[in-house]
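Protein chains in written order, with my numbering: chain A, 341 to 1041; chain B, 341 to 1041.
Careful: at least some of the hints might be erroneous.
The list treats identical chains as one, so a pair stands whether inside a single copy or across any two.
Said to hold, decoys possible - Derived pair list, reagent style DSS-like, types lysine-lysine, alpha-carbon separation capped at 27 Å:
hint, residue 1, residue 2
1, K752, K590
2, K763, K681
3, K396, K778
4, K396, K372
5, K981, K396
6, K752, K385
7, K470, K709
8, K470, K884
9, K400, K884
10, K681, K778
11, K752, K400
Hints in this document: simulated from the structure, not taken from any laboratory.
There are 2 protein chains.
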Amino acid sequence: MSENVNSSHGAGTGQSIEQKRRQNLGRMFNPKSIAVVGASQDPAKAGSQALSTLAKFPGKVFGVHPRETEIRGVACYPSFLDLPEPVDLAVLAIPARACVQAAADAAARGVGGIFIVSGGFGETGEDGAKLEQELAAICQETGLRLLGPNTSGFVRPSAGCIASFVPGVDTIAAGNIAVLAQSGGVNLSIGYLLDSLGDGVSLATGLGNAADIDAGDMLDLLGDDDDTAAIALHLEGVTEGRALYDTLAKITLRKPVVAVVAGRSDIGEFAVSHTGNLMGSRDRTVAALEQAGAVVVDTLDDLAQAASVLSRRRLPPKQNSAMALITGQAGPGLLITDALKTAGVAFPELTGDTQNTIAGLLPPMTFTKNPIDTGRPGPGFPDIVRAAAEDAAIDAILVFGISEPSVLDPAKALSPAYEATGKPVLFGTLGPASDLEKTFDDLKDSRTPMLLGPDRLALAGAVLDTDARHQWLLSHRTVQPAQATTQALSGPFDEDAAKQVMRSYGIATPRSALCENREEVERAFADLSKPVVVKIAATDVAHKTEVGGVILNVTDDAQLAEALDQIDRIPTATPGRVLIEEMAPQGVDLIVGGVRDPSWGPVVVVGLGGVLAEAVSDSAVALAPLSDTDVDHMLGSLRGKQMLDGFRGLPRCDRAAIAAAAIAVGKMLEEHPEIAEVEINPLRVNESGAVALDSLIVLGK
Amino acid sequence: MSENVNSSHGAGTGQSIEQKRRQNLGRMFNPKSIAVVGASQDPAKAGSQALSTLAKFPGKVFGVHPRETEIRGVACYPSFLDLPEPVDLAVLAIPARACVQAAADAAARGVGGIFIVSGGFGETGEDGAKLEQELAAICQETGLRLLGPNTSGFVRPSAGCIASFVPGVDTIAAGNIAVLAQSGGVNLSIGYLLDSLGDGVSLATGLGNAADIDAGDMLDLLGDDDDTAAIALHLEGVTEGRALYDTLAKITLRKPVVAVVAGRSDIGEFAVSHTGNLMGSRDRTVAALEQAGAVVVDTLDDLAQAASVLSRRRLPPKQNSAMALITGQAGPGLLITDALKTAGVAFPELTGDTQNTIAGLLPPMTFTKNPIDTGRPGPGFPDIVRAAAEDAAIDAILVFGISEPSVLDPAKALSPAYEATGKPVLFGTLGPASDLEKTFDDLKDSRTPMLLGPDRLALAGAVLDTDARHQWLLSHRTVQPAQATTQALSGPFDEDAAKQVMRSYGIATPRSALCENREEVERAFADLSKPVVVKIAATDVAHKTEVGGVILNVTDDAQLAEALDQIDRIPTATPGRVLIEEMAPQGVDLIVGGVRDPSWGPVVVVGLGGVLAEAVSDSAVALAPLSDTDVDHMLGSLRGKQMLDGFRGLPRCDRAAIAAAAIAVGKMLEEHPEIAEVEINPLRVNESGAVALDSLIVLGK
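Could you put the whole structure together from the sequences, leaning on the hints where they help?
Quick look at the structure:
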């Protein structure tokens, strides 16, 4: 069937399939005509709901029904092929088994895109997965686009297009935040949350099983969508990670993107039942999104709130943005300060000049360093906000005041500071509902973000800072291009062979010698600085330490002989082969590793070494290629990061050397597609550099 | 002056001051008559606001003003002493310097309690602190109670008493959640947040500087307040910690208490400026509140939401409560499941019978293990909820469904399950505002908690679980009473003396001998199992390892002689004194320590040993006396807890032995008030017990 479709369409128009796919994507999300397949009179059915929610659609609506010629005033036709025109969008509210034929018909009729409400595809097992693959093949071959299956659709309020089967969705207001969710239910949830914050959506889409249209396609569309000022993204698992990264990295410096990624805990079995996909590693997904410039939060509440704030105000790229807080009440001010500091936001003391100006506007004994605690808002409040905003060291101003209209008019107190400096000025408040509504209206014209309560104001500050930092990291990434390598590596790698590769990538290793017999060992021993470590060198011995194959602190000939005797007792196919190596200097042990992720490609992990670090999962991950700033950011995210800075008598670690090793591991994976996994464990680091004490390379199949 | 007051009142009535203080506390928070001191015509002044907000007060209101006889219809008198009756409550909206005289007058006139709006006391420095001490002294001597100074007051909607100077506070509805906040501004914030959730307050109090009435006083009052079903608590610092613990522990099994504690980051200087108090250790405050049965959350949003849920539904005491989730949409269901599992909530597979029943109510291929993903709510929904509730392994049911009135009527879907089983059934939803209002009204009679969105539903589930666990821990605490000891310890303690104390408390130490000369060492060496460790024993050597005073792995006479030679080279006032000790078995190293906190008394810390554990602050703290269950809970809260369970070839740790050591450390502190600090570092633990390898006792001044 799909060959059929292919031969009758898509060719001969002078347009490539890729161009057609892109064009059809635009058609379906800005439709001028829509068909509902499975149109129904029964209000409990999705096909009926679809008609209801499309009632206000300003374009043409048609029905497709095997028998009826009209349903609720909508003209119906027996099949796609009978439609009077090739609609931009078709809604398929029919069982899974009927969808493949319908998709073929839609493609044949020149429909732009379809969206399939029904489940019963990949998420239910093999038979469903086969149907889904057939749909995907039709799309690839014909240029027809498919949203879903297994989704509640999308909402495009500005176009009057409510392509969703859930009643009430039409109450979500038009606005400038795009929602892009892997799940239809989450798409609606975010839409309603934005609505409750007084924001609206430009386009809200639930991807469902994403047989054709995936997050990358939609981000590409939204990046160029003039109605969209910020994007709220929800992901469960990502199958084409590298493409998503590339798309996102092109957008985030222009438009803020906030994301929630499911999978903080192990929810694998239910997740598979839901979308038919494995979720992959959440850590890698989060790291990739952040590297691409997105802000990742943990909850939908935070997602909606963060998107709301970023759609209104944004800081320019900066590694650490400094905030000032002006509070009308000390107690909430303390909680906001606490939350911002906990989130790592810079909260510097105001300059002396600013403090003097502010002190002149407040009663004596009030706290003016930062936060500025006004005790209770007074007539000087607007000037205080402005003075703080004019402090050159401050990037954004947070203001909190419980509603007290007689002493604080937020619009008048905040706008002058923003207008004079262009710096974001955010307002946090609480009070009687009627006061809050009035304040929201008063702040509407200036688009000043209004946050309900201390926690949300602090969240907003942290989000502005994180967004600015991720922009900065993205725009400061200077990565060395990978070299096209001519020669593939061949394994298996014993420790010495792995270390040779490390050295070829500029990673220091201890001076050593690989010896085949005692005579060679004795010669090497004479040459090396003592003490040395003597290790069995055998590819058939996996756990050298456990079998007694690693002898440390060998300083004299007697100890050397004893060590070699001990190694000789370990059974191996290559008896007598040992690696003799200078003992490493004191330092802090790290792990630097890399793997090739099926979705994200080469990823690098940096963590503290040792069993406890493993038990508390103290590591950071990022996509290769890495820049120095990436590695610095990774190290800064480690819980035990103070271990690197001379903690408890440990040496101060050479971060540049750690960065060089991590960058090199990423490069190895990029340049050698045959490598599946690399691990340096430990990487011994002190003030004068980093040395790979042991390393491992595993080739892929 | 205060002597004056004391001589004229409080004596001769047959009532103790303590009784009078308690009675006056009740009077002031359920007042029948109120006086406003500093009553004013100027609407920007607190004295004017106080009159406005008291306008609806059903009892008598008087003004105190030096010149006016009437302000806005309220009769005014020149001073307290001229009032026609001893009012239950007086609001002091006058400058700090005038408050001491006013308090003395109020006491003389038999007023129940006063509340002082003004700042200018302890938070501003020494002079203010002196005023505050004078106020406290008047209260102690006369029985007059004082709320504040430096607070916005309190709200008692059911009594029509809005004793607060902030306009709009009178919109906060009457309800059954008490708010108790250290800060007046936070008190109002929580009140407004509860109001926005559709809940109201029974009594909302901001303590301010707490010169007299503190959190313990208020909790005592609220514990017996019939209008109060749950308590939302906000603390910054606690000065009388042990008393607060005792009060709280008497309440929490009857009434749920949720708390926020400021100070996650270092906000010391601003905090002092705010309340005049040092905040103390937040970790200890949180631990104490949790031990006393409270639920501690991080934000005011969570505080309000948790109090709302717990005021409606509560689980009985249980260590791990099991939850089931029934969701109308898979995507939000995944996020809820993820959040619950991340929070450590038990989320077991439903029993086979339950799954069968539910499978019969759903289309094939839906996920029924837990969560139950209905795809979209259908007619079987109420029966599914009920079947899950009837599963004996399940303690509470969470239901999520985006508003779809045509297929899901929440009241009908949820109530039968709750009525049949008595188990909490919580409803999470999102949708158009009008739908949500209707649903809220529909659920009002059954008091079913309604949570807006997946995150809050998950929070509610986690809070129910935590509340049940803390109740369980509190009701399962069996602690050994401390013995009255006759003999105080005298120090300083060298390692051997400290270990003797450890042994007297049942804590194992390595077999050892304290030797004064080589002859004694050699005799001991012959007796002990080899290898041994040889350590310098000198109270004037603080860092034994650093000076080369600890020699490990001594197995033969030659090594012993070498070790003793090395120790002989270390300068000390007690040359030749060494501790010789059997080497410890392999195991996992922990730290068990104890200190005497000025507010909380003896507290015990348990953590993993080593530098990294210190760098990531992986330790848990609790008040002594400890029970086994406390220590188990502490160990379970360690990030690296898998280190205790045979991680990566480490031995499985004997938790009972760890518990015994931690309990003993607490007991030492309780029985020996002269001890300031105890530390066992490391406590070496393996499958067969725990041994204190080194220990330290520091006596107080």
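Hints versus structure:
Neither within a single protomer nor between protomers do K752 and K590 lie at most 27 Å apart by alpha-carbon distance, with minima of 38 Å and 50 Å respectively. Taking the closest pair of Cα atoms, K763 and K681 come within 27 Å of each other only inside a single copy of the chain (20 Å); across copies the shortest separation is 40 Å, beyond that limit. In this assembly of identical chains, K396 and K778 lie within 27 Å of each other by CA distance solely across copies; the values are 25 Å between and 30 Å within a copy. When the C-alpha separation of K396 and K372 is checked against a cutoff of 27 Å, the pair qualifies only within one copy, where the shortest distance is 13 Å, while the shortest distance between copies is 59 Å.
For a Cα distance limit of 27 Å, the shortest separation of K981 from K396 qualifies neither inside one copy, at 57 Å, nor across copies, at 58 Å. When the C-alpha separation of K752 and K385 is checked against a cutoff of 27 Å, the pair qualifies only between copies, where the shortest distance is 21 Å, while the shortest distance within a copy is 51 Å. When the C-alpha separation of K470 and K709 is checked against a cutoff of 27 Å, the pair qualifies only between copies, where the shortest distance is 25 Å, while the shortest distance within a copy is 65 Å. When the C-alpha separation of K470 and K884 is checked against a cutoff of 27 Å, the pair qualifies neither within a copy, at 47 Å, nor between copies, at 71 Å.
With identical chains, the CA atoms of K400 and K884 are never at most 27 Å apart, being 73 Å at best within one copy and 87 Å at best between copies. When the C-alpha separation of K681 and K778 is checked against a cutoff of 27 Å, the pair qualifies neither within a copy, at 31 Å, nor between copies, at 40 Å. Taking identical chains as interchangeable, the C-alpha atoms of K752 and K400 are never at most 27 Å apart, the minima being 47 Å within one chain and 39 Å between chains.
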